[in-house]
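Turn these sequences into a full structure, and let the hints steer you where they fit.
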Amino acid sequence: MSIEEKQKQIIEDFELLDDWELKYEHIIELGKSLPQIEDKKKTESNLIEGCQSKVWLDSVLKENKLYFFADSDAIITKGIIALLIDVFNGQSPEDILNSEVYFINQIGLQEHLSPTRANGLLSMVKKIKMEAIKNATVN
Amino acid sequence: MSIEEKQKQIIEDFELLDDWELKYEHIIELGKSLPQIEDKKKTESNLIEGCQSKVWLDSVLKENKLYFFADSDAIITKGIIALLIDVFNGQSPEDILNSEVYFINQIGLQEHLSPTRANGLLSMVKKIKMEAIKNATVN
Amino acid sequence: MENKRRFSVREIREDFPSLRQLVYGKNLVYFDNGATSQKPQSVLDSINKFYSKDNANIHRGVHHLSQKATNEFEESRKTIARFLNASTHEEIIFTKGTTDGINLIAFSFGELLKEGDEVLITAMEHHSNIVPWQMLCERKKCSLKVLPINENGELLLEEIDQYISEKTKIFAFTHISNTLGTVNPIKELVQKAHQFGAVAVVDGAQSIQHKPIDVQDLNCDFYLFSGHKVYGPTGIGVLYGKEKWLEKMPPYQGGGDMIKKVTFQKTTYNELPFKFEAGTPHIAGGICLGKAIEYLSQFNFHDIEKHETMLTDYAQDLLYTFEDIVIYGESKHKTGVVSFNIEGIHPFDLGTLLDKQGIAVRTGHHCTQPLMDFYKIPGTVRCSFALYNTKEEIDFFISAMDKSIRMLK
Amino acid sequence: MENKRRFSVREIREDFPSLRQLVYGKNLVYFDNGATSQKPQSVLDSINKFYSKDNANIHRGVHHLSQKATNEFEESRKTIARFLNASTHEEIIFTKGTTDGINLIAFSFGELLKEGDEVLITAMEHHSNIVPWQMLCERKKCSLKVLPINENGELLLEEIDQYISEKTKIFAFTHISNTLGTVNPIKELVQKAHQFGAVAVVDGAQSIQHKPIDVQDLNCDFYLFSGHKVYGPTGIGVLYGKEKWLEKMPPYQGGGDMIKKVTFQKTTYNELPFKFEAGTPHIAGGICLGKAIEYLSQFNFHDIEKHETMLTDYAQDLLYTFEDIVIYGESKHKTGVVSFNIEGIHPFDLGTLLDKQGIAVRTGHHCTQPLMDFYKIPGTVRCSFALYNTKEEIDFFISAMDKSIRMLK
Ligand SMILES: Cc1ncc(COP(=O)(O)O)c(C=O)c1O
Ligand SMILES: Cc1ncc(COP(=O)(O)O)c(C=O)c1O
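Residue numbers (my numbering), protein chains in the order written: chain Z, 1 to 139; chain R, 1001 to 1139; chain H, 2001 to 2409; chain B, 3001 to 3409.
Derived by calculation from the structure, the hints in this document are not laboratory data.
For each residue, glycine too, the CB sits at the ideal point set by N, CA and C.
There could be a bad hint or two in this list.
As the list claims (entries may be wrong) - Once the Cα atoms are required to be at most 20 Å apart in a straight line, the calculated DMTMM-like pairs of lysine to aspartate or glutamate come out as:
{"#": "1", "chain 1": "H", "residue 1": "Lys2140", "chain 2": "B", "residue 2": "Glu3111"}
{"#": "2", "chain 1": "B", "residue 1": "Lys3026", "chain 2": "R", "residue 2": "Asp1058"}
{"#": "3", "chain 1": "H", "residue 1": "Lys2049", "chain 2": "B", "residue 2": "Asp3015"}
Said to hold, decoys possible - Some, not all, of what chain B presents toward chain H, calculated at C-beta under 8 Å:
{"#": "4", "residue": "Thr3036"}
{"#": "5", "residue": "Leu3065"}
{"#": "6", "residue": "Gly3097"}
{"#": "7", "residue": "Asn3103"}
{"#": "8", "residue": "Gly3255"}
As structure tokens, this is what we get:
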């Protein structure tokens, strides 16, 4: 599936969750089931420090496709990260760079994208793009 | 006449001047007719610096009565000074100290007493009282 | 005795238009008063009146509007002086807020410090009462000492003599901790400072709205607060300073209004309070802060304190019924704030789910990172109360807590 | 081309409630815009909306109100960045006003100066663009140079090489003189500064409301203005600075929001613009300054300039018909301001009588005492215009002048 299709899929999934409780229960569930990353991967350089919760992000390139590993100390942040990873995993650096992340707004989580620096989410999208740039130029 | 009577007199005089033009024409007239003080009396210590106009004030004590000489570079300020001097001239330091200047408000010139430091008037009333203190303690 | 307004929370809530709103379709429950308070209609009206009727620049104008604005600005200064019981209104300096005021002192009073001098603060200070002193100490080669606290969030007063000495020139401390709610014994702290010849700087950002302040009785050298936390506008605050210090201190900023005479060779400075108010001040802010203080002054402060302490105790008692709760700050002298965590739950997650239910609490380090390091936590969830909060709001908050925890566990 | 609002003064006046008032029973004629401008209804509405709907502290809160307020505050920063054509909104620092901004630069950029370095200003600067540099020069043992002017109130550009050199580290000048109305050739001045390796600081307090500003085209290093002079609230202003300088400069004030991490041992600072915004900012001011800029942006700036220059010329032409008039500032490049005296009449007297007729002009030294010393006068009467002033107001002013002079002579 392309990044576009993945986002559409998530938006459709969330349409079924028609109040905030169902939505957040789902996100919390996603957060809980996202594998934790190893402590040794929780390095300074993988850390995105928000004012409120910490996010670690790591990636590997396999056959010109990027795969992400991420974690957070807050479960809701982790749930949203799980969604992001789901969108970007297995995509090429070029496709990631050319993509626009719009699903977060459309599933009613825009509050997590505000410039309050309350969590590292915005910075995380940036970081994902940075990883893509890094790997695209190596290419 | 006492300070009290002088103030009443001025208030009565001004009641006849029933618009701002007549009032200010009268004040300007008073300003023009107040004798200028000699340049050598315009010393630093006699100077009350407002933000807008300068006021010089000097006094002499004769038989326990104070007499004031004052000047300003602005004619309206000088006119109001003339009124003030008229109220206080020939009064004892003690009476001056115990007096309250209320006529300025009552003749509709309160704008000249605001704390804008726009002219030296408020400081002048203070200075007159200071002169009175100085001479009352010598006594 | 003045005749004070009856303390009725129901009536008080009517005064605050912003409390009557829905957040995600739910009634707003505003428990973030430590960050900033809501504003009564009288303050809103005075802002609107200023800008639509009296707006003009002050101090230098002879025209009517300028004089009106100047009079109101200076009247407000007097209102504030009376509220704090300052000896003269010239001791009231308008600032941008508490942070600005502390920086002013750190820079200007700081000029009187010498290499090797010491500044003492406490372990529960807000960053605004830490960083300016660090910067001063770096600039002047002085050292910063920190009076520690115990687990309950109380100052270790019995150890203070290890931290204060003749070298201490400034002792800066908060009256009430914004994170823990601890009320410090500031009169005692002021005395301690004076005993060693230091000046006492009281950070009043969290006390002005909760307790009556009498700077002469406290005998503090400086007292600071922010307008926006005391039902007033943003961008304005007050620095009270004893005249004798303000006279000695060099100006902080240069510009219009703070000078007596400028030539390119030499500039002489204006008298107090103007020496410390360079440039066009926040005129609307200054005037309307006076209105906020007047709003507060309608009430008997005893009633406000009683109500807010009742809310604090009530919330705390109910929170203790949660399993795995940790409450930070368990001093007996505590008011206005309850800070806590549920073990195993990140404060951000709890804050997010409470928000979704219309409840505004603060989560995070509350600009007191050293305190977080002390408790070894990333942050807390903090409820902070104002005179318009109610027990019913706390009941709703507790049930929302219940739901949130169930979702997260 | 964007579709801009038609420039109709009659319609514009409807936007400003404070213009519709009586002073001493007479229609207000407000010619004191150089001191501060009146505010349009849209700005008043946004202030009211903020305090009654969105009021919350920003940047650190996860709750709805805090996020809403943060978004609006940061949106306003972007609006201002676009208005100035800054390369990024991180170059926009919110300050208390122009004075605060100049002090920030003098302190913080000033830290990069060394003994013997020089700061160059001009003879027509406002005290706010003199005193901070004097204080810096004293602190850092630098010297202050002053580029002189001619009788017309124009900079002696042909002599500039006597005043600027490789020693010059900062060249600070006003875009438009608040006392004379002279419009300086700032692009040329910026180039001159750069030619000698100095940074160019543009005091835009009197230009932001009169002329379109493009900081990238001007290539200035810093540009400053005050909200209250550009139809916005008091207590807020903007410092634009090139990112490369802002990154190099140490922070000015310490406190909340400007830090990344605080420990008692070491504090690391936040990124731009927050590094320079310690403490709770003037949230309402920041948001509503954005609204003021939006108000102004409705119009084609060319229309505003044309109207204001027309008013300036019209007033000046009529004033020249008075015997004994002296007009200060007779540059061909002049706008918005007419400063004058009638020989033998003190400006205070004239100002007082004009005020009694409902006309607000400014009298005095306009915070430019060195300029008064240059002309050997105690002060001037100054009319300063805004986009809502009219020819009819000037006609009325001229007849009031006539009456006042008759009364005083
Ligand atoms: C040219 C100029 N610079 C600086 C200032 C200072 O602005 P503020 O008082 O808003 O800080 C003014 C305003 O009086 C001005 O006209
Ligand atoms: C104890 C304390 N000190 C200082 C401050 C700083 O106040 P402001 O941000 O208004 O400058 C705060 C507010 O957050 C506080 O709670």
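Exercise for the section: Return the status of the interface hint for Leu3065/B: holds when the least beta-carbon distance to chain H is below 8 Å, violated otherwise. Expected result: holds, 6 Å
Exercise for the section: Tell me if Asn3103/B is really an interface residue toward chain H, meaning its C-beta lies closer than 8 Å to one of theirs. Expected result: Where the cut-off is 8 Å and the nearest Cβ of chain H is about 4 Å from Asn3103/B, the hint holds.
Handout entry: Evaluation of the interface hint that places Thr3036/B against chain H, nearest CB under 8 Å
Key = Because about 4 Å separates Thr3036/B from the closest Cβ in chain H, which is inside the 8 Å limit, the hint holds.
Problem - Per-residue hint verdict: Gly3097/B, partner chain H, C-beta under 8 Å - result: Check passed: Cβ of Gly3097/B comes within 5 Å of chain H, closer than 8 Å.
Practice task
Measure nothing beyond the straight line between the CA atoms of Lys2049/H and Asp3015/B; if it is 20 Å or shorter, mark the hint as holding.
Solution key: Distance ~16 Å between Lys2049/H and Asp3015/B Cα, so the pair holds.
Exercise for the section: Classify the hint on Gly3255/B as holds or violated, based on whether any CB of chain H lies nearer than 8 Å to its CB. Expected result: holds, 4 Å
Problem - Holds or violated: Lys3026/B to Asp1058/R, with C-alpha atoms at most 20 Å apart - result: violated, 39 Å
Problem - Pairwise hint evaluation, Glu3111/B against Lys2140/H, where the allowed Cα distance is 20 Å at most - result: holds, 14 Å
The structure shown violates just one earlier hint, number 2.
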